[in-house]
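J.: Each chain is listed here by its residues.
2 protein chains.
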Amino acid sequence: VLSPAGDVLISTDQLLATRHFDPDATPVDLIARKAMARALSDIAAMAGAPLAGVVAAQLPRDYARADELFDACHAWAERFGCPLVGGDIATTPGPLGLIVTVLGTPHATRGPVRRDGAQPGDMVCVTGALGGSLDSGRHLTFEPRLAEGRALAETLGSRLHAMIDLSDGLGIDAGRIARASGVRIELDADRLPRHTDPRGEPLDWRRAAADGEDYELLFTIDPSDSGSELPTDAAGTPITVVGRVADAATDADRGMCVIRTSAGETIDARRLGWDHGG
Amino acid sequence: VLSPAGDVLISTDQLLATRHFDPDATPVDLIARKAMARALSDIAAMAGAPLAGVVAAQLPRDYARADELFDACHAWAERFGCPLVGGDIATTPGPLGLIVTVLGTPHATRGPVRRDGAQPGDMVCVTGALGGSLDSGRHLTFEPRLAEGRALAETLGSRLHAMIDLSDGLGIDAGRIARASGVRIELDADRLPRHTDPRGEPLDWRRAAADGEDYELLFTIDPSDSGSELPTDAAGTPITVVGRVADAATDADRGMCVIRTSAGETIDARRLGWDHGG
Chain E
1 VLSPAGDVLI STDQLLATRH FDPDATPVDL IARKAMARAL SDIAAMAGAP
51 LAGVVAAQLP RDYARADELF DACHAWAERF GCPLVGGDIA TTPGPLGLIV
101 TVLGTPHATR GPVRRDGAQP GDMVCVTGAL GGSLDSGRHL TFEPRLAEGR
151 ALAETLGSRL HAMIDLSDGL GIDAGRIARA SGVRIELDAD RLPRHTDPRG
201 EPLDWRRAAA DGEDYELLFT IDPSDSGSEL PTDAAGTPIT VVGRVADAAT
251 DADRGMCVIR TSAGETIDAR RLGWDHGG
Chain C
1 VLSPAGDVLI STDQLLATRH FDPDATPVDL IARKAMARAL SDIAAMAGAP
51 LAGVVAAQLP RDYARADELF DACHAWAERF GCPLVGGDIA TTPGPLGLIV
101 TVLGTPHATR GPVRRDGAQP GDMVCVTGAL GGSLDSGRHL TFEPRLAEGR
151 ALAETLGSRL HAMIDLSDGL GIDAGRIARA SGVRIELDAD RLPRHTDPRG
201 EPLDWRRAAA DGEDYELLFT IDPSDSGSEL PTDAAGTPIT VVGRVADAAT
251 DADRGMCVIR TSAGETIDAR RLGWDHGG
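Protein chains in written order, with the numbering used here: chain E, 1 to 278; chain C, 1 to 278.
Note that these hints are calculated values from the structure, not bench results. Backbone N, C-alpha and C define an ideal beta-carbon position, used for all residues, glycine too. One thing to keep in mind: the hints can contain errors.
To give an idea of the interface, some chain C residues facing chain E are shown, with a C-beta separation under 8 Å as derived from the structure [stated by the list, open to error]:
(1) Leu2
(2) Pro4
(3) Ala5
(4) Asp7
(5) Val8
(6) Ser11
(7) Leu16
(8) Val85
(9) Gly86
(10) Gly87
(11) Ile99
(12) Thr232
FRET-style restraints, in silico, Cβ to Cβ [claimed, not checked]:
(13) E:Asp22 / C:Glu265: 51 to 61 Å
(14) C:Asp116 / E:Pro120: 50 to 60 Å
(15) E:Ala75 / C:Ala66: 30 to 40 Å
(16) C:Asp24 / E:Ser224: 57 to 67 Å
(17) E:Leu2 / C:Gly121: 23 to 33 Å
(18) C:Thr250 / E:Leu134: 48 to 58 Å
(19) C:Pro93 / E:Asp204: 27 to 37 Å
(20) C:Thr141 / E:Asp67: 30 to 40 Å
With these hints in hand, go ahead and build the complete structure from the sequences.
T.: Take a look at the structure:
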């Protein structure tokens, strides 16, 4: 039995072997971590605080590490502030799967932040850096941006118009905000904060826009309040302005997300990243 | 965003093709119905009222009836009073799966009913009739006993000590109450309310005790209040006394559930039903 103080957010997310992690190469602890962190990334994107979660586990019939997996799920859930209060176990002829449903509470004054609130004139921003998550293993070890989401709601209040977490890639996920909000989003390739490759070189902008599984927050801010500075970080994580929200002048603009390159090209950003994870 | 008035119950349940339904023979509408009804049966067992739910769907890559399946999930969720407020879709190399997480609110005065409250001296009761669910197709068309669970909490109040829904079979599920409560449960084979076979003959008691997937409520009642009659039905569904809760005199008794036959045998009821569904 849970005793929320008021409204409740809910989100469900599935982590499936092969699709979301390599079952032969991923430590059990990191499988559990990713399952919990992915689900909580959705709560972070609503600027919510975790309340509690449940896990439905699908185990191959001969799976020998179930106890270890459940212990790790509980430990990571606690670590992320979202204790597990129930679950279900099934054996399956399919891949190992963890289906996590989490509850959260919205920010007390800002309320839940959704993806449909972007307004023409908004700045488009991201937390952290993008790209290379799968190659680097960051997709297994990222921190859900819970503190950052809450800090943005606290600092920006009603100026924080829309937010989403970056799971499928900047282009696709920005397109989701554009579609839900009925606006056009324009991103600048040069402004994307990028992770480095193993040699220390910044990744190509296409990888930052398309790789996916960054689990950073993408959000839009009303810049009209010129008296207050835009924050440069959220809970210590850098914020970068990467674009703007434009009017949807035509039907084709509504839900459009483009990215402008330094060479002057304008590319449909929603088509970047579709093939990232199979 | 949900706005519960107070405490929240949560339960998660998986419906997997082959394991819980025959994917070749089951209409899409009944797949959706069973997924929702199974999850809500858990809320019924807590005497809760449905609040809202989310569904994670796992679809084989070539699955052609996804829209029909989702429409049916929404329709049955509404029908059972538990609107769907979110979801997630993944393609899978495994079987079709629907993982449903439901929220509920506990009874306002009785609070949530759990499986660990059975006391020595309690009567053990069930709603409805038992056995033959898989053969008859009832496992696809049962009504979750939501009204019944609430009515029992309303009528019996604190005399309603423990409750569970019968998914794996009377013997196994009664054993779960016995284990959680640290008591011994004694059932009478002759008293089990039984469904009939296709010729109209009552099923053997072993089938009533072991077939599983009845989704009736099993509950224990404090009989001490001799001034008030035991209800004979809950929301119109018959109630039958099928046994009693005994002291656990020894460690071996704690968590034991036996069934007594008319021939005078005493059988470990927890061993009935293990093989019912593969």
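J.: State for each hint whether it applies.
T.: Each hint tested on the structure:
1. Hint on Leu2 (chain C) holds. Least Cβ distance to chain E is approximately 4 Å, under the 8 Å limit.
2. At its closest, the beta carbon of Pro4 (chain C) sits 6 Å from a beta carbon of chain E; the interface hint therefore holds under the 8 Å criterion.
3. Because the smallest distance between the Cβ of Ala5 (chain C) and any Cβ of chain E comes to about 10 Å, over 8 Å, the interface hint for this residue is violated.
4. Interface hint at Asp7 (chain C): satisfied, since its Cβ lies 5 Å from the closest Cβ of chain E, which is below the 8 Å cut-off.
5. The interface hint given for Val8 (chain C) is met, as the beta carbon of that residue sits about 4 Å from the closest beta carbon of chain E, less than 8 Å.
6. Interface hint status for Ser11 (chain C): upheld, as the beta-carbon distance to the closest one in chain E is roughly 6 Å, under 8 Å.
7. For Leu16 (chain C), the interface hint holds, the least distance from its beta-carbon to any beta-carbon of chain E being 6 Å, beneath 8 Å.
8. This hint holds: Val85 (chain C) has a C-beta 6 Å from the nearest C-beta of chain E, less than the 8 Å allowed.
9. Restraint check, Gly86 (chain C) versus chain E: the minimum CB separation of about 6 Å is within 8 Å; hint holds.
10. Annotation: interface hint on Gly87 (chain C) holds; nearest CB of chain E at approximately 7 Å, less than 8 Å.
11. This hint holds: Ile99 (chain C) has a C-beta 4 Å from the nearest C-beta of chain E, less than the 8 Å allowed.
12. Among the interface hints, the one on Thr232 (chain C) is violated; its C-beta lies about 30 Å from the nearest C-beta in chain E, farther than the 8 Å criterion.
13. Checked against the hint of 51 to 61 Å, the pair Asp22 (chain E) and Glu265 (chain C) passes, with Cβ atoms roughly 53 Å apart.
14. The hinted window of 50 to 60 Å between Asp116 (chain C) and Pro120 (chain E) holds, with their beta carbons roughly 57 Å apart.
15. About 35 Å separates the C-beta atoms of Ala75 (chain E) and Ala66 (chain C), a value consistent with the hinted range of 30 to 40 Å.
16. Taken as a hint, the range 57 to 67 Å holds for the pair Asp24 (chain C) and Ser224 (chain E), whose Cβ atoms sit roughly 59 Å apart.
17. In this structure, Leu2 (chain E) and Gly121 (chain C) meet the distance hint of 23 to 33 Å, their C-beta atoms being roughly 32 Å apart.
18. The given range of 48 to 58 Å is respected by Thr250 (chain C) and Leu134 (chain E), whose C-beta atoms sit roughly 57 Å from each other.
19. Under the hint 27 to 37 Å, the C-beta atoms of Pro93 (chain C) and Asp204 (chain E), about 32 Å apart, fit the expected range.
20. Checked against the hint of 30 to 40 Å, the C-beta distance between Thr141 (chain C) and Asp67 (chain E) comes to roughly 37 Å, which is consistent with it.
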